[in-house]
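Protein chains: 2
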Amino acid sequence: MRTYIDCISCFLKQAQSAVTIAVDDPSRREQVMGEVLEDVSRMNFDRSTVEIGAEIHRTLREASGNPDPYREIKDRSNRRMLALYPHFSQQIQSAEDPLEMAVRMAIAANIIDFGAIQNLDEETIDNVMSEASAIPLDRAAVEQLRREVERAETILYLGDNAGEIVCDRLLIEQLPREKITFVVRGNPVLNDVTMVDAEAVGMTKIVPVIDNGFDAPGTVLEFCSPEFRDRFQAADLIIAKGQGNYESLSDNQQNIFFLLKAKCPVIAKEFNSSVGVQILQKVRH
Amino acid sequence: MRTYIDCISCFLKQAQSAVTIAVDDPSRREQVMGEVLEDVSRMNFDRSTVEIGAEIHRTLREASGNPDPYREIKDRSNRRMLALYPHFSQQIQSAEDPLEMAVRMAIAANIIDFGAIQNLDEETIDNVMSEASAIPLDRAAVEQLRREVERAETILYLGDNAGEIVCDRLLIEQLPREKITFVVRGNPVLNDVTMVDAEAVGMTKIVPVIDNGFDAPGTVLEFCSPEFRDRFQAADLIIAKGQGNYESLSDNQQNIFFLLKAKCPVIAKEFNSSVGVQILQKVRH
Chain P
5 MRTYIDCISC FLKQAQSAVT IAVDDPSRRE QVMGEVLEDV SRMNFDRSTV
55 EIGAEIHRTL REASGNPDPY REIKDRSNRR MLALYPHFSQ QIQSAEDPLE
105 MAVRMAIAAN IIDFGAIQNL DEETIDNVMS EASAIPLDRA AVEQLRREVE
155 RAETILYLGD NAGEIVCDRL LIEQLPREKI TFVVRGNPVL NDVTMVDAEA
205 VGMTKIVPVI DNGFDAPGTV LEFCSPEFRD RFQAADLIIA KGQGNYESLS
255 DNQQNIFFLL KAKCPVIAKE FNSSVGVQIL QKVRH
Chain B
5 MRTYIDCISC FLKQAQSAVT IAVDDPSRRE QVMGEVLEDV SRMNFDRSTV
55 EIGAEIHRTL REASGNPDPY REIKDRSNRR MLALYPHFSQ QIQSAEDPLE
105 MAVRMAIAAN IIDFGAIQNL DEETIDNVMS EASAIPLDRA AVEQLRREVE
155 RAETILYLGD NAGEIVCDRL LIEQLPREKI TFVVRGNPVL NDVTMVDAEA
205 VGMTKIVPVI DNGFDAPGTV LEFCSPEFRD RFQAADLIIA KGQGNYESLS
255 DNQQNIFFLL KAKCPVIAKE FNSSVGVQIL QKVRH
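Which chain is which? The protein sequence lines are P and B, in order.
Numbered per my numbering, the first sequence spans residues 5 to 289.
Numbered per my numbering, the second sequence spans residues 5 to 289.
None of these hints come from the bench; they were simulated from the model.
It is possible that part of the hints are untrue.
As the list makes no split between identical chains, a pair holds if one copy fits it or if it spans any two.
As the list claims (entries may be wrong) - List of simulated lysine-lysine pairs, DSSO-like, C-alpha gap at most 27 Å:
hint	residue 1	residue 2
1	K17	K267
2	K17	K273
3	K273	K209
4	K286	K183
5	K183	K209
6	K273	K286
The structure presented is a predicted model; accordingly, all values stated were derived computationally and were not measured.
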C-alpha cells in the first residue's frame, strides 16, 4: 500500500510522541523533530507508510541515542496483558467457538498500538478487550481461516505489538502449534515485538520464533533477511497481525490472512469499513 | 507564544486539508505537501505558530495557484451564520444580561475554525451555538470587560474567522459602536476574515473596518502595516478573537482581552484549562 498525504500528520504525531519518550531535553527534542521533518520532506509517496515509518524511527533512535525508546512501555504492556492472560484464556475456553473467540481477542488486542494511538490508557485496553466478543466479525472468514489452517503444513504468524503478543499466544494455542512459526521484527521500532517480547510472554516456549531481519513497523520484504524471505515464500499460510503488516504486504501474492483493527480512515477505506472495526480478511488478487 | 513540537502534526493536518481544497490533481497535491514539509523543516520554534502558519498557507496558495482556497467555505459559513442572525439576536435581547450572552455567543462561534478543526459540519455549529448560554464563563471577567469598555475611548476589535464574524457583529451591537474599529486580515489565509467578509455580513455598515496589512492567521505586529501598528498602539482597549490572535499577541503589553475557545491542548494548558472551554481573559503581565 502506498502513502497518502493524509498519512503525513500521523507520521509527525507519532514522531512527536516518540521523541517525547526518547529525549529529555526540550530543545534537543526540537532539533530531532527538525531532522525527522527533513526526512519526511524527502519522502516518496510511492513507498509504503511502513518504509517511511522505519526511516523516521531510525532517525529518532540515532538522534536520541536511545536504541529502544519504547522498551519500558513494551514491558508494561506485556506485564499488563500477561496479568489478564488467565482471564482471557478462561473466556476463550468457555466460548461456544474457542477459535473464533481467540481470533476476536487477538484482533481486539491490536488496539495496543502506539503508532496509531498515543496515550492509550489501561482502562481503554480493558474496555476493548471485554468488548471483543460483542463486536461484529466476518464469520465466513473465520470458517475460511479454520479450513486453511487445517490444510496448511507450514504457517507463519507475523506479530505486531508488545502486549498484543499475549493474545497472539492465546490464538496460537487454539491452532495446531506444530505448523506454526512466530515472527518478530529484526530490531526495535515503536512498540513492535522483538525477540525480547516473545521471550517475555512465553511465546518462545510454545512455538519456534524467528525475526525478519529488519526494523520496519511492518514487513517490508525487500529489506528483510534472505532467511526470512525464504521462509515467507515457502509458507502455505501467513497470518499477519496489525496495520503495519497490512500496509506493507497488501499487494503481496502469498496466501495471507490479515487480522487487524482499522485505526485510521485510510485503512478503513481500503476495507470499505470504518475506523475501529475488527477485520479478518484474506485479500484476493 | 512560541511553537511547540506538539504543533507540527497540526500544521501538517491543516496543510493537508487546505491542499485538498485548493488542488484537484492528487499527484500535484503530493508535490505541494512536499514543499510545505520543506518549509516546516526549516522552521524556528522561537517564532509563533501564527508566523509559521502564514508561511505554510502562503506556500500553499502559491503552489496551488489559488489565491483564496477557502473563499467558498467562507461564503458558506457567512451565509449559514447570517441566516441564524435573527435567532441569535433575539436570544441576546431576551437574555438577563445581553452583553454577557453576546460575549458567550461570540466565543462559541470561535469553533468555526478550519485551522484547528477540519470537516466542521453545520450540525456541530448549531449544537455549539445553542449550548453557548449554558457553558461556564468567568463572570468577573465579563464585568471587567464591561468596565474597561466604558472607560476606553478607542477600541480595536480583532476579528478571526468567517461565519464567526456574524457573532462578532452581534457582540459589537451590544457595545458603544462609536468607539470601535473592526480589524480583518490583510490578505486571505485559511478561513480568516478579510474585507470581503466584513462587507458580506454588514460589519462595514455598523463600524469602521480596517485591515492589518498581513496574511497571517493572527496578528504578527512586526509584519503588519505601519498604519495598523499605529492604531494598535494608540487603542485604549483591544478585543482579540480566537486562538490565532492569542498565539501572536499573548506576550504583547497592550490592554488586550482575549475571547476564544481553547481548541488544542497547548492553548488549553496556557490557560490552565481544558480543550473546548470558552475563555474570556485579560492576560496580566
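Checked hints:
| no. | hint | verdict |
| --- | --- | --- |
| 1 | K17 <-> K267 | both (14 Å within a copy, 17 Å between copies) |
| 2 | K17 <-> K273 | both (21 Å within a copy, 18 Å between copies) |
| 3 | K273 <-> K209 | neither (38 Å within a copy, 48 Å between copies) |
| 4 | K286 <-> K183 | within (19 Å within a copy, 69 Å between copies) |
| 5 | K183 <-> K209 | within (15 Å within a copy, 79 Å between copies) |
| 6 | K273 <-> K286 | within (16 Å within a copy, 46 Å between copies) |
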